[in-house]
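The residues making up each chain are set out below.
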Amino acid sequence: MVRQIKQTPMNWVERLYIFEAFRGLFTTLKHFLRGLFRYETLPTVPYPEIKPEIPRDYRAKHRLMLRPDGTPRCVACFMCATACPAHCIYIEAAPSVDGRIEKRAVRFDIDHLVCVFCGLCVEACPVDAIRMDTQDTSYVHRNREDFITPMYDLTAWDPKQYPQNDTQSQVAPGGSKNQQALEAWGLKVH
Amino acid sequence: MMEIINSKHWIEWLLIVAKFAFAFVPVLFILLLIPMERRGAGFIQDRQGPNRSYFWLPYFGRIRLFGWVQNACDGLKLFTKEIYAPNGVNKILFALAPAIPFVIVLISPCVIPWFAPMVFTMGDQVVRVSGNTVDSEVGILLLFGLSSLSAYGAVLAGWASKSKYSLLGGLRTSAMTISYEVCLGLSIMGMLLMVGSFRIDDIIAWQEAHVWGIVAQPIAFFCFLISMIAETGRAPFDVAEGEPELVAGFHTEYGAMQFGLFYMGEYSHIGINSILVACLFLGGYSVPFFSQTTIQANMGYSLAVLCGVFILLILTFLHMIYRYSRWYKTSAATNKTVILREYSLYKLLGWVAIPALAIIGVASALFIHPEFTLVDGKAVYGLGIAFGTALIQILVLLVKACFFCFVWIWVRWTLPRFRYDHVMNLGWKVILNIALVNLVITAVVAKLVLGGN
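From first to last, the protein sequence lines stand for chains A and B. Following my numbering, the numbering of the first sequence begins with 1 at its first residue and continues without gaps. Following my numbering, the numbering of the second sequence begins with 1001 at its first residue and continues without gaps.
If you're looking for bench data, these hints aren't it; they were derived computationally from the structure.
A partial selection of chain A residues facing chain B, derived with a Cβ cut-off under 10 angstroms:
| no. | residue |
| --- | --- |
| 1 | Y17 |
| 2 | G24 |
| 3 | L25 |
| 4 | F32 |
| 5 | F37 |
| 6 | Y39 |
| 7 | E40 |
| 8 | P43 |
| 9 | T44 |
| 10 | P46 |
| 11 | P48 |
| 12 | E49 |
| 13 | I50 |
| 14 | K51 |
Each computed EDC-like pair below joins lysine to aspartate or glutamate, with the alpha-carbon atoms no more than 20 angstroms apart:
| no. | chain 1 | residue 1 | chain 2 | residue 2 |
| --- | --- | --- | --- | --- |
| 15 | B | K1329 | A | E53 |
| 16 | A | K103 | A | D69 |
| 17 | B | K1429 | A | E14 |
| 18 | A | K61 | A | D158 |
| 19 | A | K61 | A | D109 |
| 20 | A | K61 | A | E123 |
| 21 | A | K177 | A | D128 |
| 22 | B | K1329 | A | E49 |
| 23 | A | K51 | A | D158 |
| 24 | A | K61 | A | D166 |
| 25 | B | K1008 | B | D1124 |
| 26 | B | K1336 | A | E49 |
| 27 | A | K160 | A | D69 |
| 28 | A | K30 | B | D1046 |
| 29 | A | K51 | B | D1046 |
| 30 | B | K1336 | A | E40 |
| 31 | B | K1336 | A | E53 |
| 32 | A | K160 | A | E53 |
| 33 | B | K1329 | A | E40 |
| 34 | B | K1164 | B | E1245 |
Quick reminder that beta carbons are idealized off the backbone N, C-alpha and C, glycines included.
Sequences and hints are given; from them, build the entire structure.
Here it is in structure tokens:
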């Protein structure tokens, strides 16, 4: 759809420039006084001390979802590794100990220096095992190897930091729906 | 030689020498202007501005002073950088050029009157000390002449740099300075016509006796202000250093403190021009609504009112600090304790200063009873009263000048840069004509109404 913006020619008052300049000065004065007297209402934040609010659907650092018993939901189907355009996911599969599930991942590494944060792995996952809703956008390390995030790091998240209506997060150990979910899950796997 | 020395009282000599210190006031304006510019620009653009530099105090921790420490950081950075000259430049002129604007800045405030001429009795002698370092008959012309010399800095820098960008910047600066000097001189003519003197003292005395120049000559005021902004070479008239076309204009090839001298020269120039506008159109050192005789006769109460004004300002500042503290306590900031500790210093200083000022104010109201001797039918007071009057007048002048400093920054961050031909059109075809018409009308009205000769 083409949106047409009509440009009206300036009238003689506007063409004199001086009155429009005064209008501009008034606008900037308003902003200046706001900064001076209502400093805390500025839209910018002093960054390292106050973190900006990052929405849940922002594609941030990955996490692996957990079953009620604490094992990763990942079934090592390699869908995410196949979908990944940057080839940054490395998975090693092994037979699952739980009889109801065929495979599990013994290694699940994401190289965050290679990752392009496209979110295709999240789209590809058939069992909702990988998500990017950690709101964690800045993680720094001393050397390149540390950016390769292993499984224990991807699964180390706290259900208390996720909303209550996010059932998938709350059934994990420590979540508010974990007890209930454990009973439904039934079999204890060790 | 001894006759010259003996012709004046020793206190007069002392004050004449002490007045040379006023040469550094425009340089001190840099300290005000840099934070004002950088944080003011931040606020105008809805950002914070640079506020992160700090120095460390024992108990109070990181003291940021609301971005004031940034001055020291800027200066330190410029001082520690390497001074560098490109190959093939004219070495002497290249090194000399940055010094010119800065030297001019130290010379030109000599004709600005900082206070009304001090007249006081010392022993059995009546001593008169003028408020400016050089009590010249042609004060304002001298000031214009000196401040237009600062264009030499830009022109020489542009020529010596052996860079096309610098040369074009220097050319533009020279052309623009010459054009706007004309407007500057002509727009002030109406005012001078009414006063009948080039001496800034007389102009301020006339304003004190009649009305402020901004009321008497509003059109001249605007022409003068616009020409002044153009003469300092700041936005919207900074075509000489327009980044899109000329990299940085005449100081493209400069770095380190050589660039810093241009920068400081520009800011001090703003300071001088602000003081000048305040002198010519805002009554200079004259205190609004109170004549000098009233202030001198009630010196105790005047000082008490001054202390009261300071207390009010400090209370406003403390209110701001307490409001920020309350906000920080409830905010999600991770450095809350650091900032609250810093604010506790400001609170301490504020609550110490308020009772001190209150005591000084009450004491001066109770115990200062000026005694005068009549000389030619006028009351002449002692040295202390003269100093008190001068203090109040200097403060009034600086407050007015600070307002105009803000105008400079305000205009810079509001209006976009004019194109070069637009600048020339505005100067020669608009402001010059308005100033001339204003001069003619003023002359006619002055002849008819005021009945001058």
